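**Q** Each chain, letter by letter, is given below.
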Amino acid sequence: MVAGRTAGHVVIDGLAWESFVVAMLGGAIRSGTPVAYAAIGETIAERAGIINLGLEGMMLVGAMTAVALRIGTGSWVLGLFGAMAVATVLALLHAYLVVVRGANQIVSGLALTLLGMGLSGFLGRPFVGVRFDGLASLRGPSGRGSSDWLSILGGQDGLALAAMFVAIAGWFLLQRTRFGLAVRAVGEDPAAAYAQGISVVRTRIVAVGIGGALAGLGGAHLSLAYTHLWAEKMTAGQGWIAVGLVIVARWNPIWALVAAYGFGALAILHLQLQASGVTASPYLLAMFPYVAAITALTVTTVLLAGRGHAIPAALAKDLQLFKR
Amino acid sequence: MLTMLNGTARRNVRTGLQVMASGGALLVVLSVLLWSVDREIAPTLSALLRNGFGDRLALTETLVRMTPLLLCALAVAIPAKAGLFNIGAEGQLHAGAIGASGVALFASFLHPVALLPTMMLVAALAGCLWGVIPGWLRGRWGVNEVLVGLMLNYVAILAVQHLVHGPWKDLSALGWPYTARFAASAKLPTLGATNVHLGLALGIAGCGLGWVLLRSTTWGVSLRVIGQAPRAARHLELPLVRHIAVVLAVGAIFAALAGLGEVSVVQGRLRPGISAGYGYSGFLISWLVGNHLLLLIPAAFVVAGLYSGADALQLTAGLPSATADVFVGLVFVAALWLRAGRQVTS
Amino acid sequence: MRGQDYAVELSGISKRFPSGVVANDRVDCRALPGQIHAVLGENGAGKTTLMRILAGLSVPDEGSIRIGGAEVAFRSPRDAAAAGIAMVHQHFSLVPALTVADNLALGAREVGAVLSPRRWRRWLEGQAETLGFEIRLESPVWSLSMGERQRVEIFRALLRQARILILDEPTSILAPVEAQRLFDRLRELAAEGYVTFLVTHKIQHALGVADRVTILRRGRVVASETSSDLDSVEIAHLMVGRTSRLTSPPRVRHAASHEPVLEVEDLCVPPLVSPFGLKGVSLRLNAREIVGIAGISGHGQDELILGVVGQAPVVSGTVRQRLEGHGSAYVPEERLGVALVPGMSLADNLALRNFRRPGFSRGPFLKRARLLGAAREAIERFSIAPDDPGVPVEVLSGGNRQKAVLGRELEGRPRLILAQTPTAGLDVATVDLVLRELIAQSAAGAAVLVVSEDLDELLSLCHRIIVLYEGRAMGEFEASDENRGAISLAMSGLEDRREVSVGREAC
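Residue numbers (our numbering), protein chains in the order written: chain A, 33 to 356; chain B, 1032 to 1377; chain C, -6 to 500.
There could be a bad hint or two in this list.
[As the list claims (entries may be wrong)] Selected chain B positions facing chain C (in silico; Cβ < 10 Å): (1) 1255; (2) 1262; (3) 1263; (4) 1268; (5) 1269.
Note that these hints are calculated values from the structure, not bench results. Please read all numbers here as calculations on a predicted model, not as lab measurements. Beta carbons: idealized from backbone N, C-alpha and C, even for Gly.
This is chain A alone, in the form it adopts within the complex:
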């Protein structure tokens, strides 16, 4: 049973409760992986003080490129790398416009989403609906697997599992490397960082580039592993959601992963519940993270007024479009 693609008959009773949970967890991880990659990447970029609203476009070009290369060359490795490369190019364009030429971050991100949507739709036309073998899960081709707890992880493909390592790697990058320290400094007080010899421009460009690469990888997972096809605008707003999740996760890569899985759970909960006749609204539930994020943002802003930071300070300053 592959949660999220077929709604099997899951009856809520004592025994089947366990298989429901297993299905949910497994499905949450699988469906939340694309947005997890994007959110982890965006966390790094925003910690450096740059918001990238072009994630949607970058995920889409990643998804399309991965499919195109997989179909064209048969290699999914090439597909993954191609996805990362193309998405990174778009991200570097955003970085160049914003960091080097001082363009408005929001406008640039939106424009690149448009461009990404357009390019992926345009160039991806020949591949729409073409079937291919997707990334296999660890336990072999997905079929009606067992409902034991091992299958939560075992039923995932390599890319989904890699996401967990990427989240930890992201945390490690930010907290335990020289580059990560530079990123954090640049996102809080770029003037001070510059005075200490850090190249603000270079750090930001690299951070945004990493964000783009991971977004591309997320898109590749969506098309190669999750759905095994390409369709125009198939991310359906997950790039935007990634930006929101970064805030919910309070700019921490590991929480971003958790939040992404939460989102993934909500995405498939609807189907699961519908099949079992429960009419709780997953959309109402899905609102909670955002409302909670707004609340958390407000609370931390109030508590830390003047002293600490609720969001990376340089990000706040750039986005503070009305100067009091």
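On the provided structure of chain A, position chains B and C as indicated by the hints.
**A** Positioned in the frame of chain A, the structure of chains B and C alone reads:
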């Protein structure tokens, strides 16, 4: 030869050359893209223009598409006069749609004369609420209004999803997440049998009226001072909070009207996907014309025409509708490149 | 002295900012190894700009820098750091949200690509002990006091193995005891061969610790001597000197009245612009009187004016304005952006005080004709050029902008006029016009408060002069030439050759 001209003229010439250069680059990129799918640029572009603007049918479609774009652009441009960027137009649009749908579904017993104004009022109130929350949080506690606005967009879109999948779902709609069709009296007045509705007129009137009011009223002057020199505004003791609140509310109302128009006329019901990112496109359009109220009208018209022309291209030339996205996206990237011309030294 | 003997040699440094201000004008400055070199001057004299050039934060338009005899060209702080130069800034370069340890790791060569916090902390603790510093490594910087932050900055400079230290106004936020501790440390370092540049406006500190003193005024070097060859009075005179561009500035001739218009009592304002704030200043201003606030800029003048106009949070004290129904006029320091709105036309800007008044608007609608008429009157009265009311105000020159501000503020017989550096950056003719206008307004009954660094202008313009130093009123003087010496001294915090101790007590 350039040295013969004075400073300003030289700058204008340079800008002109830059515009031409990026226009040229645009054409080159497009040509390459089209070549890769075996199309030529000239016939494609002319087909695009014809399908967008060429005949009555095309124009009608363009005008229909222009309406939410213009209204959302207005929703961004008006607060921009006071120095505020309304990134929440998308959420305000959905809030307005919900408000209007609520009235249409549950107050359809009202006399037709009263129904539409009620829908408009409730939509406006809903939009106002959505628009004022980030502003209020910013004013009261200093919370970053852009992030709050962005997240409220998601909440509004999810609210629509919730309603159409749940409490407001039309049970006879065979499982599709739609509400019931609205009564005929819940439809805004339209131009003949087309879908061009009152919203367009309201948008154009809004632009014109706004432009006039900005120049000839005390409010307009105050707004411009607040937007351009907040410190001067403070020392002239202009009532900042009142002006900001009003300008945010007015902007939100226009976005809400866009939502109302979509559910009342274009869709005839509430369903997911009523907005193709109009809130964000409106943001871009407003930015493109420097938030100039009168220029919003032609800009929205052109962008709408490109989109509806590209849609038709799908049928006639077999090109994906994404062509318009590419084109518009490239235009904005080029504009960003030019607008932010100077090198920023860190 | 031969060139090779100098550790640092700045020659012919010139720097001009896009606004037109010449910050440094062919400045020469040299330091020997083991020397503590004080760079004195008022705010805006160019000291910080010169030191930022040395620290690699700014690139000079002209001139050369030699370190240890070899010519260098710095394009970024990193280049300067490589040459062994470290700057401790007036506004610190520590990232507030990060811990001290993290801040010290930024840009440190000892740190590899992967950080190991424990090893780093141990190394830092060792260094701190060797160099004699007491520092809380794990605290976030925002929780540190100013003195602690400065210690961290100096510690960092030493960690970077800088041999040339630049301290920018280091004592402005230290208590006297802490300042003394700093000076002892500087002497220890000098004995080990470190070169220290001390940028300061405090004459007594400079004389107390420095070996050599260079004095800058308006971007030029006016003196460079061994500290033992100078005394504080000479230095005060050199720092301030003859300032006015007018050979004979307009002089006030009428007498002041005794009707109070402005009463300020023990006003305390927290630091907003200057590091000092306002610490209990009282003053009284009568009708037909012109009172000048003298002092080096950044010693509380902004806080005083903002407190009087009601735009500053007042900690204690009172401000009472007795306007008797008339208005007040405010001519701020910044013209474009504070007094004038850049994107609007001349006419619109001239209308900003009036446009909400009944005569000039009917309900929400502006009476364009009336406003235009008033604009033309102001243009004519002050000879504003170009005289087209529709011209955007950004196009106007500095002098015409100031005329526009005056034209707007002074129309309608205000009873209280507050002017902040009204003649700064203006051409001679406009300076004359501005001063004459202020005198005329005063003669007609207004009470005028003028903040200025230009002592000569104040001496001829005002009836009385109050000197602000580090947020306190140093004294009230009659504005006559005999008092010039005493006023100059007061501006440098000195009284009868003795520095008045201004402690760090709260208000």
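**Q** Now tell me, hint by hint, if it's right for this structure.
**A** Status of each hint after checking the structure:
{"no.": "1", "hint": "1255", "verdict": "holds, 6 Å"}
{"no.": "2", "hint": "1262", "verdict": "holds, 5 Å"}
{"no.": "3", "hint": "1263", "verdict": "holds, 5 Å"}
{"no.": "4", "hint": "1268", "verdict": "holds, 9 Å"}
{"no.": "5", "hint": "1269", "verdict": "holds, 9 Å"}
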